[in-house]
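Student: Read off the chains here:
Number of protein chains: 2
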Amino acid sequence: MAVQEIKVGLMGLGTVGSGVVRLVERHQEDLWNQTGCTITIEKALVRDKQKERAVRLPEGVLTDKPEELLHHDGIDIVVEVMGGIEPTRGYIRQALETGKHVVTANKDLMALHGAELLSVAAKNHCDVFYEASVAGGIPILRALVEGFSSDRITRMVGIVNGTTNFILSEMKKNGMAFEDALAEAQRLGYAEADPTADVDGWDAARKMAILATLGFHTEWPLDEVKVRGIGDVTLEDVRFAGQLGYTLKLVGIARQDEGKVEVSVQPALLPDEHPLSSVDGVYNAVYVHGEAVGETMFYGPGAGELPTATAVVSDLVTVVKNQKLGVNGRSVVAPYREHKPKAPADIWSKHYFCLHVADEAGVLAGITQLFADKGVSLEKVLQVPRTREQEAEIILVTHQANGEQLLHIIEGLEALPTVVRIQSHYRVEGGEH
Amino acid sequence: MAVQEIKVGLMGLGTVGSGVVRLVERHQEDLWNQTGCTITIEKALVRDKQKERAVRLPEGVLTDKPEELLHHDGIDIVVEVMGGIEPTRGYIRQALETGKHVVTANKDLMALHGAELLSVAAKNHCDVFYEASVAGGIPILRALVEGFSSDRITRMVGIVNGTTNFILSEMKKNGMAFEDALAEAQRLGYAEADPTADVDGWDAARKMAILATLGFHTEWPLDEVKVRGIGDVTLEDVRFAGQLGYTLKLVGIARQDEGKVEVSVQPALLPDEHPLSSVDGVYNAVYVHGEAVGETMFYGPGAGELPTATAVVSDLVTVVKNQKLGVNGRSVVAPYREHKPKAPADIWSKHYFCLHVADEAGVLAGITQLFADKGVSLEKVLQVPRTREQEAEIILVTHQANGEQLLHIIEGLEALPTVVRIQSHYRVEGGEH
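Top to bottom, those sequences are chains A and B.
Read left to right, the first sequence gives residues 1 to 433 (the UniProt record's numbering).
Read left to right, the second sequence gives residues 1 to 433 (the UniProt record's numbering).
Be a bit skeptical, because a hint or two may be false.
Note: identical chains are not told apart, hence a pair may lie in one copy or across any two.
[To be verified] List time: in silico SDA-like cross-link candidates among lysine to any residue, alpha-carbon distance up to 25 Å:
(1) LYS226 <-> GLU338
(2) LYS324 <-> VAL145
(3) LYS260 <-> GLU25
(4) LYS173 <-> GLY294
(5) LYS260 <-> PRO221
Read the hints as simulated data drawn from the structure, not as lab findings.
Let's have the full structure, built from the sequences with the hints guiding it.
Tutor: See the structure below:
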């Protein structure tokens, strides 16, 4: 087959967009060897054509008019790294409807409108790939879709937000308070000026919706991901967890038991020997448990110009290979399992409680009796020296309890006059590891 | 498209073969959803048809005649899990020459004759996939070939032999001597009665030859992998390494610098904070560093019935999908880089030495002077309390030194009258981590 020139329309020339330009340039020879094609950035859509850029593109490539790219007959593939929901969604639909394949790094869009876009793509025999949308440079979507195609995935636990993982790592390793660790993350460029999406867990939730949909073969909408952020995590929580042999991490948890699914994002305690516990700083990792394969973990950079660009350009290579074989849009397996969310009584886990209690005789007996009454046994109990006048702290780790028992226990603790307050409460994940 | 029945010929019904049968049965519905095909084991080649089996197959499936499978017109795909070089290689050639696709878990065969088999496959438009041949259940070959197709891989460090990793983990965690840890591995079924291939590093070497060939896009024959096993590793080595903040692991190292490649297997010291250091027991992990993506790691079970079967059956799914699209044998990228091995002077690394020396004044000065004379500076020096009359132990860790400097240093140490002997010497890997 003669050498073919593949023309790419790049939407967005920020950090990841610059990385894509650099990678396509630097690795041109390798890309040619992989695909037998030359890959050229034909148009790059930007908001401001005059702005100073980290990468230089030939005259005429930059444009601020989306139609110059979307209506360009020579462009086969659109790479979308501009982010946001609208107008991006409309652009991608237009691209697909005119037979252009799409590679995107846009987790927000894929978590909210992935099903719609994939169905438009299928109708038009187009590829849509989005490896870069979850865990940056880690090829986790390929692992789920192809590497484990023969297996039934039962659990995925992901550290999929580098900002919060950096903050919690700093709190544990350097004893920093939450606010100081956040400020440090902002100083280093790991956290945005407005860190809400990261800190509140919404960024991780989008990634977990994508992982759950692919891993469990069931449509899992973002609004069915239960989300709790790390805004109320204290240094004391991190330290107590450490004393008990746990590491506190913001994790996404997706579990499937007997066909029923739960997906959540929350700060949780992982046993120190769990492979995710030692994933520090801005690194990401996804732990995947399959019925047949057992425990696996995929680790790497979760963000950054070149790591994310690697995922984008590898997807681009797959599109080009498919194009040469004439099989674009033909290899996607649409979700085929019924959507069955777990009820609270189906969600089983261990739990950690830190209680501030009155410093009187019989308090611990009353509390442990409450757990026993609800049918939940205790794995660890730690009484901590009194922190202030008339108060003591009690740390408890339960054995497996379900969501209903948990609610009853919390209600019960709140009603006990000897319990001043539930200082903190976290799920303990990976105990069956 | 109408439902299609895909008939598989299974060669070998040992541990992995039984796993393949189980997985294809148990996950039939999922496999159907993934491929739109039913997958049936049509024939299974065994040595002894009368032997009691872990899985039951319908009447007439078992055969001890290879031609019943290889000349069977209805069989589209041969799954080879019988192992060995001959007659397996001949069977696979025959299968490919008659247009049958091949999935194999045979690392020995692929390391020795991979290039030949892949070229026969290409001529006949057949697929050959061998994900299970390296690191069992971890989809590492897919990650290299597809996930990082856009990147240039610079280093791969692999814990790719579970037996030796179990032995070294037991030595470190439980203070067991090498022989006791080996006996324990044999008792648990992790090591063969004849553990030579594992302990001497040859099993790992075969996997590294496959990884290097795929990761660096260059033909890397097995006889160019430098191999040193763990037979002479002592408990003292493991302990001294630990005191200095390192973990001793049998690792495969494949590095590419400026187009030149080195591939070796050896016991080496990894800094405790390196992601591979905490990979314990029979688990495998492959650390991959790419120019653009940076550091990644893939972790999971390296062997076992169902983990390995997962890799085999996932390959089977890919063959079936390719078949439905009519693109078998069309997506393989043959090695395209020139084969350029590094000279010793190109191989840079830190090194660890444990020296038994005469317990006299000026010994350390003489030794450190030797390193200085060869242009190698020292990162750590540890003088250990005298172990026996008139002797002391000196532990040294160098900064980066090349293979030529290393040879000169070893010669120099052997010539120094104050050095009783070089008790042990290991490469330190991952220091640039």
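Student: Look at each hint and say if it fits the structure.
Tutor: Verification of the supplied hints:
1. LYS226 <-> GLU338: within (19 Å within a copy, 52 Å between copies)
2. LYS324 <-> VAL145: both (22 Å within a copy, 17 Å between copies)
3. LYS260 <-> GLU25: between (46 Å within a copy, 22 Å between copies)
4. LYS173 <-> GLY294: between (30 Å within a copy, 23 Å between copies)
5. LYS260 <-> PRO221: For LYS260 and PRO221, only the intra-copy Cα distance (15 Å) is at most 25 Å; the inter-copy one is 48 Å.
Hint compliance for this structure: every hint is met.
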